[in-house]
Structures are given as C-alpha cells and as structure tokens.
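Please work from the sequences and hints to get the whole structure.
So for the sequence shown, our numbering puts the first residue at 36; every next one is plus one.
Just so you know, the hints here were simulated from the structure itself, not pulled from any lab data.
Quick list of the computed label-pair ranges, beta carbon to beta carbon:
#: 1; residue 1: S41; residue 2: L114; range: 39 to 47 Å
#: 2; residue 1: R122; residue 2: Y101; range: 17 to 25 Å
#: 3; residue 1: S57; residue 2: K112; range: 32 to 40 Å
#: 4; residue 1: A147; residue 2: G92; range: 38 to 46 Å
#: 5; residue 1: G92; residue 2: A229; range: 16 to 24 Å
#: 6; residue 1: L86; residue 2: F58; range: 16 to 24 Å
#: 7; residue 1: G155; residue 2: N72; range: 23 to 31 Å
#: 8; residue 1: L127; residue 2: R221; range: 31 to 39 Å
#: 9; residue 1: N72; residue 2: V131; range: 33 to 41 Å
Since this is a predicted model, take the numbers as computed values, not measurements.
Where is the CB? At the ideal position from N, CA and C, for every residue including glycine.
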Amino acid sequence: MMLQTSQLSCERRDRILFEGLSFSVEPGEVLRVLGPNGAGKTTLLRILAGLYQEFEGEVSWDLQEYPLYLGHRPGVKDLLSPLENLRYFAALFEPVAGDDVLVDALAQVGLAGLEDAATGTLSEGQRKRVSLARLVFVQSPAWILDEPFSAIDVAGVRLIEGMMAQHIEGGGLVVLTSHQEPRLPRDSRSIDLAAL
Numbered sequence: 036m037m038l039q040t041s042q043l044s045c046e047r048r049d050r051i052l053f054e055g056l057s058f059s060v061e062p063g064e065v066l067r068v069l070g071p072n073g074a075g076k077t078t079l080l081r082i083l084a085g086l087y088q089e090f091e092g093e094v095s096w097d098l099q100e101y102p103l104y105l106g107h108r109p110g111v112k113d114l115l116s117p118l119e120n121l122r123y124f125a126a127l128f129e130p131v132a133g134d135d136v137l138v139d140a141l142a143q144v145g146l147a148g149l150e151d152a153a154t155g156t157l158s159e160g161q162r163k164r165v166s167l168a169r170l171v172f173v174q175s176p177a178w179i180l181d182e183p184f185s186a187i188d189v190a191g192v193r194l195i196e197g198m199m200a201q202h203i204e205g206g207g208l209v210v211l212t213s214h215q216e217p218r219l220p221r222d223s224r225s226i227d228l229a230a231l
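Written out as structure tokens, the structure is:
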C-alpha cells in the first residue's frame with residue numbers, strides 16, 4: 036500500500052471540514068476527491084502532501100521520495116521564463132534535471148518555442164502548462180493534483196489525461212480534485228467530502 040490514512044479530521048475557522056476519514060490508495064490507482072467549494076478538498080490534498088499540519092489522524096506514505104504536489108494555482112514566477120521556472124523547481128530534486136530535459140518537458144506540454152518568454156506574458160492556460168511540465172521530469176510515484184484541468188483547453192485536458200494514464204500504467208498513483216469530468220481509468224475511486 037503506497038498511501039494510507041486513518042481517522043483524518045480537520046477543522047478550520049470553527050468549522051469541521053471532515054472527520055474520521057480513512058482510505059488507502061495503491062500503486063496503479065486514481066483517487067478523485069469530490070465536494071463543493073469550501074468542502075476541504077484543497078486542505079485534504081495539502082495534508083496528504085505534508086504541507087498542512089493542523090489536523091488529527093494519521094497519514095502514512097510508503098515512498099522513497101516525496102509525493103509531487105501541484106496546487107490549483109500555477110505557482111510560477113512571472114518575471115522568469117518557463118525554462119527558468121523549471122530550473123528553479125528542478126533544483127529541489129535529485130538528480131537535478133538538465134536544460135535538455137526541461138526543454139523537452141515544456142515541449143511535451145505544448146510550450147515548444149516559449150522556453151525563454153517571460154512567463155507573465157503567457158495566458159493562464161500556458162502558465163498552468165509550465166506548472167504541469169513538472170510531471171514530466173520529477174520522478175515521484177505519487178502525484179497530488181489540485182484542479183489540474185482548470186484554465187486548460189480541451190487539448191490540454193486530453194494531454195493531462197494521457198499523462199495520468201501513463202503514470203498509472205507505470206505503477207504510480209494519482210490523488211486529484213477536479214470540478215471537470217475528466218476521462219479517468221475505469222477503476223478509479225472517489226471520495227465525496229460533502230457526503231461525510
């Protein structure tokens with residue numbers, strides 16, 4: 036088992052988001068977290084990624100590397116180019132990816148020829164693609180994706196769906212939120228925080 040949670044409970048601003056939440060995710064699985072705005076989807080994903088500590092319960096990962104978390108905002112610096120943004124991010128991981136790998140990652144997400152443009156001049160969808168390029172070169176078996184399809188056109192949605200399918204086929208796992216209805220593997224599971 037790659038991810039196991041036990042009795043997760045979280046309260047924010049005197050409001051219980053969820054309590055007693057237990058689930059597991061195995062290699063080769065997709066778990067989709069559902070719920071309306073404000074239900075705690077992003078908070079849950081941040082807990083799973085180790086980025087939010089104000090909760091009760093237990094999160095256990097059977098991983099050598101940290102899970103890769105991509106938030107709903109692109110998380111890129113406007114004054115840097117897409118390539119410079121990826122260099123900055125790549126420096127956090129071993130082994131550090133070289134420029135050839137980063138340029139290829141940008142090409143794979145549809146940004147060939149924009150490697151040196153100022154990220155702030157790109158559309159919101161292109162900025163999101165800069166962020167998504169991290170999925171190409173970071174070698175983590177676990178992806179935690181918060182609204183990966185937001186601000187993305189139809190071709191981009193199909194691209195991300197393909198990347199997720201390839202990741203799952205290779206034994207990785209994906210935990211995601213999405214208000215869209217992406218094409219996910221048939222055996223994908225979901226948790227609806229509004230139903231807890």
